[in-house]
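**Student:** Chains as they are written, first to last, in this note's numbering: chain A, 115 to 388; chain B, 115 to 388; chain C, 115 to 388; chain D, 115 to 388.
Worth flagging that the hints you see were computed from the coordinates, not collected in a lab.
One or more of the hints may lead you astray.
Treat identical chains as interchangeable: a pair holds within one or across any two.
[As the list claims (entries may be wrong)] No more than 30 Å apart at the CA atoms, straight line, and that leaves these computed lysine-lysine pairs for DSS-like:
hint	residue 1	residue 2
1	LYS197	LYS141
2	LYS301	LYS128
3	LYS228	LYS253
4	LYS301	LYS385
5	LYS136	LYS253
6	LYS116	LYS136
7	LYS301	LYS197
8	LYS288	LYS136
9	LYS288	LYS116
Everything numeric in this text was worked out from a predicted model, so none of it was measured.
There are 4 protein chains.
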Amino acid sequence: MKQLDETILTNVIKRRPEDSFKGNFGKVVLIGGNANFGGAIIMAATATVYAGAGLVTTATDTANSTSLHAQLPETMFVNYYDKVQLSHLVSEATVVVVGPGLGDDFHSQEVLAKVFANTNSDQTVVIDGSAITMMAHNKIEQPAGNIIFTPHQMEWQRLSGIAIAEQSPAANQKVQQQLGATVVLKKHHTEIYTGSDTYQLTIGTPAQATGGMGDTLAGIIGGFTAQFADPTQATLAAVYAHSAIAEQLAQTQYVVLPHQISRALPIFMKKYEN
Amino acid sequence: MKQLDETILTNVIKRRPEDSFKGNFGKVVLIGGNANFGGAIIMAATATVYAGAGLVTTATDTANSTSLHAQLPETMFVNYYDKVQLSHLVSEATVVVVGPGLGDDFHSQEVLAKVFANTNSDQTVVIDGSAITMMAHNKIEQPAGNIIFTPHQMEWQRLSGIAIAEQSPAANQKVQQQLGATVVLKKHHTEIYTGSDTYQLTIGTPAQATGGMGDTLAGIIGGFTAQFADPTQATLAAVYAHSAIAEQLAQTQYVVLPHQISRALPIFMKKYEN
Amino acid sequence: MKQLDETILTNVIKRRPEDSFKGNFGKVVLIGGNANFGGAIIMAATATVYAGAGLVTTATDTANSTSLHAQLPETMFVNYYDKVQLSHLVSEATVVVVGPGLGDDFHSQEVLAKVFANTNSDQTVVIDGSAITMMAHNKIEQPAGNIIFTPHQMEWQRLSGIAIAEQSPAANQKVQQQLGATVVLKKHHTEIYTGSDTYQLTIGTPAQATGGMGDTLAGIIGGFTAQFADPTQATLAAVYAHSAIAEQLAQTQYVVLPHQISRALPIFMKKYEN
Amino acid sequence: MKQLDETILTNVIKRRPEDSFKGNFGKVVLIGGNANFGGAIIMAATATVYAGAGLVTTATDTANSTSLHAQLPETMFVNYYDKVQLSHLVSEATVVVVGPGLGDDFHSQEVLAKVFANTNSDQTVVIDGSAITMMAHNKIEQPAGNIIFTPHQMEWQRLSGIAIAEQSPAANQKVQQQLGATVVLKKHHTEIYTGSDTYQLTIGTPAQATGGMGDTLAGIIGGFTAQFADPTQATLAAVYAHSAIAEQLAQTQYVVLPHQISRALPIFMKKYEN
Chain A
115 MKQLDETILT NVIKRRPEDS FKGNFGKVVL IGGNANFGGA IIMAATATVY AGAGLVTTAT
175 DTANSTSLHA QLPETMFVNY YDKVQLSHLV SEATVVVVGP GLGDDFHSQE VLAKVFANTN
235 SDQTVVIDGS AITMMAHNKI EQPAGNIIFT PHQMEWQRLS GIAIAEQSPA ANQKVQQQLG
295 ATVVLKKHHT EIYTGSDTYQ LTIGTPAQAT GGMGDTLAGI IGGFTAQFAD PTQATLAAVY
355 AHSAIAEQLA QTQYVVLPHQ ISRALPIFMK KYEN
Chain B
115 MKQLDETILT NVIKRRPEDS FKGNFGKVVL IGGNANFGGA IIMAATATVY AGAGLVTTAT
175 DTANSTSLHA QLPETMFVNY YDKVQLSHLV SEATVVVVGP GLGDDFHSQE VLAKVFANTN
235 SDQTVVIDGS AITMMAHNKI EQPAGNIIFT PHQMEWQRLS GIAIAEQSPA ANQKVQQQLG
295 ATVVLKKHHT EIYTGSDTYQ LTIGTPAQAT GGMGDTLAGI IGGFTAQFAD PTQATLAAVY
355 AHSAIAEQLA QTQYVVLPHQ ISRALPIFMK KYEN
Chain C
115 MKQLDETILT NVIKRRPEDS FKGNFGKVVL IGGNANFGGA IIMAATATVY AGAGLVTTAT
175 DTANSTSLHA QLPETMFVNY YDKVQLSHLV SEATVVVVGP GLGDDFHSQE VLAKVFANTN
235 SDQTVVIDGS AITMMAHNKI EQPAGNIIFT PHQMEWQRLS GIAIAEQSPA ANQKVQQQLG
295 ATVVLKKHHT EIYTGSDTYQ LTIGTPAQAT GGMGDTLAGI IGGFTAQFAD PTQATLAAVY
355 AHSAIAEQLA QTQYVVLPHQ ISRALPIFMK KYEN
Chain D
115 MKQLDETILT NVIKRRPEDS FKGNFGKVVL IGGNANFGGA IIMAATATVY AGAGLVTTAT
175 DTANSTSLHA QLPETMFVNY YDKVQLSHLV SEATVVVVGP GLGDDFHSQE VLAKVFANTN
235 SDQTVVIDGS AITMMAHNKI EQPAGNIIFT PHQMEWQRLS GIAIAEQSPA ANQKVQQQLG
295 ATVVLKKHHT EIYTGSDTYQ LTIGTPAQAT GGMGDTLAGI IGGFTAQFAD PTQATLAAVY
355 AHSAIAEQLA QTQYVVLPHQ ISRALPIFMK KYEN
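Could you build all of it, start to finish, from the sequences and the hints given here?
**Tutor:** Here it is, written out as structure tokens:
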């Protein structure tokens, strides 16, 4: 298992060409946030915007539209129950992030089905949180696209069928290869299974152990894969950046809040661009 | 009466184990905030999140869901009139904080009854504000759980039957022991009655004398008892931290606002972890 | 005409007694903010809270409750069309501030009538903006209380009948004495007519010439009169503080926004407490 | 083609006269923001307020009123479907900014028609985003006023009929002169066509290539033309300031967010006032 280090950031974060416009940095669509878990999709979208994605649209319950725009005017809003808008949005996207705060009831399943029906093989599709759980529980097929799963250990157990205690690198990799997807297995020392490679994150801090961290990671992956050429490398860089920023903040903070990581992204990323 | 000093912070605020996840730091549910007093539950939940609780859910009037998420995406929202969700949420919690901005009308009483019917003896239950008043006025029985009351002097008069002028340590302790609860009696030099011990806070500043301070204290107690092993010690540390931060801010501020104390928690706590 | 200087601040801003609680610093009720002008009452309430008032309630259109609490959880909210709540609130207040963003239509008049019917002679009543205009246009009688009008020149013309070009100190004072009220006439070098005295503000900056400054001033007057013994002195200090902070900010800013003045109050006031 | 440099700022940004009031700095009305694109009009209005306009009103979908006031109490709100209010507002304005996030459906067209029917030749009218697209697609006539178009290259293609690849200075200028308007053609090295002059912006950074930058520029133009005497010079200064601030922020940030540019305006402008 290869260990990730700072070089992943310098490899991935490229100086932007002088003559660039927002269209060069991707269209990201984030889908999630029911009436209870609106904060999750707000945190994810915040991460995507601060990571530098060109255009960010958040498809969520209308209950969340005002709290979203109150803190993040830089994203567009779509009612995720509007099937016409949602289908069009997903099919036009560069990157799709689905799952943060989506819930798992009948309505959530409808939204997920509509998303999965509209992805295509040119897209990166980040599947997070309850979207993973619904896939496992309802035996939903993996959609078209370059798929990145971001489960925590229990979600991975549901998706892979491997009990947490038996989630060895070999067992995990076997299922990941069957899935033909990248798997970011979130845990102490997160593991990334991608293609035939496995990577381990050896940085991070227990100050990150708070609700919303995973949503924020999904958003950063969305932002990085939208901008940087190689989705695998971009994912590795996103995972590393998320914990590296947390470590920096944890030098003076007992707990690090998810939105603080997002806000720190523009200055953090600048240090590594080349 | 023992005087609290800084050592309570170093005794309580433990360095987090490297291999920890959000589940290690408790599930806190805060219940309160009617259509008029939404700010109170927002301030309490903010305190709990910034104190480092693992998962924080706020059960409040739907009128408050957007203002809550507009400033604190790190909490989940539940409509406190949804009895099924509320019951489930309370019964699954590590710590329950009930009362900030709850009001005392018929609807508030229904919510309180539903909360009290679902606590259990493994939980810490912080009872604040109008929840105390309703218990006194409506002769509501104390619920299951490790109970922490956080009354100001008038609320304590209502609950204990001791007129403010007669709230001597001996009289207070007698009732506290009958209740079998911890009592945080908020006043100039707050007193904490717990088990057979009594403690006094000798720090604090009149710059704290502003609306919302008590809501914030309830939230910090919620956050500390969710994370730290001994609920009594955690409560003492929370009371001390609340006023110590206020004192620091008051060195340069004429008035200290409640949300400022919450925002200062991560950096303040870091200095005492060991 | 006496010129105000910094000594008004040291005379008024008293060190708070160690043993004080929020009840010592007044209950302020602010009434205003229709569906169009919600920002005005938010700015006024923000000023009152940051000035250190003990308890602050904002009575406004329900359309504004969420935007209010999204940035200022430290205030309570009341629907100003709820006549029972509004009457009770006003009659229990220490200080009433009415007018910021209230508008002047039929609904606004109803609200104003309800406010004026419930003030009493122990209260300070700050009458601002369209409340002044409605009094003039509809020949509404001055309510009970220690009245402080805060008109700009056009509003003063409406109330006093003195055309702007003829608003000389002598003419202004004559009407002010007939009114038996304090008049804060907002203009370049604001004039304050109170009792038999007249004062002039000689500080201030054109960077303050932006929408919302008057709402903020009304809020600071509300906060100061709630806390400090002499309402006249408190008003003078509020007027001075408002422009002194603006001057400080304008050293580095081309324009000073109203909310910036409010946020600066706690640190500014600390420098003058004695 | 003349190259813009810093002197445009010192030429335009005048020290405010001591005896000034908000009425001296213009009434700006911004119209835009449907239920999906509310963030766009919020970003534009934020820019106008922080640029120092005297009075700023935002006419938008009611879905956006709360998110607007939650972050920008310094603007007034009008429901843009209220034709009476909208007509009155536009006809009374000094500067009209129409288009950010307006959308292009039937409702958007109705709003645009009402705006265009109420402008007059004394006003500056900034036409941005989908307002340009609707003019082109629906062959809507240019309204009365000193017109400033702020298209990106695709919008300019729609309006001018010149394909992007053929947008040479000569071709652009020819159409601009037929229009009798100022054209701010947003691109890498933005070009401004005005009267018989053409200007080029040679500063700017790819960190600006993110959604909302154009909305922010439209808002700054609105704020500058409201305050400064010569609309052409004010427009040039606004374009320059927008990118100069972005360059400053980009020295330490990989991406610059639109709201950051607006927040930086007061301090930036101060350095150039004379």
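**Student:** So which hints don't hold here, by number, going up?
**Tutor:** 7
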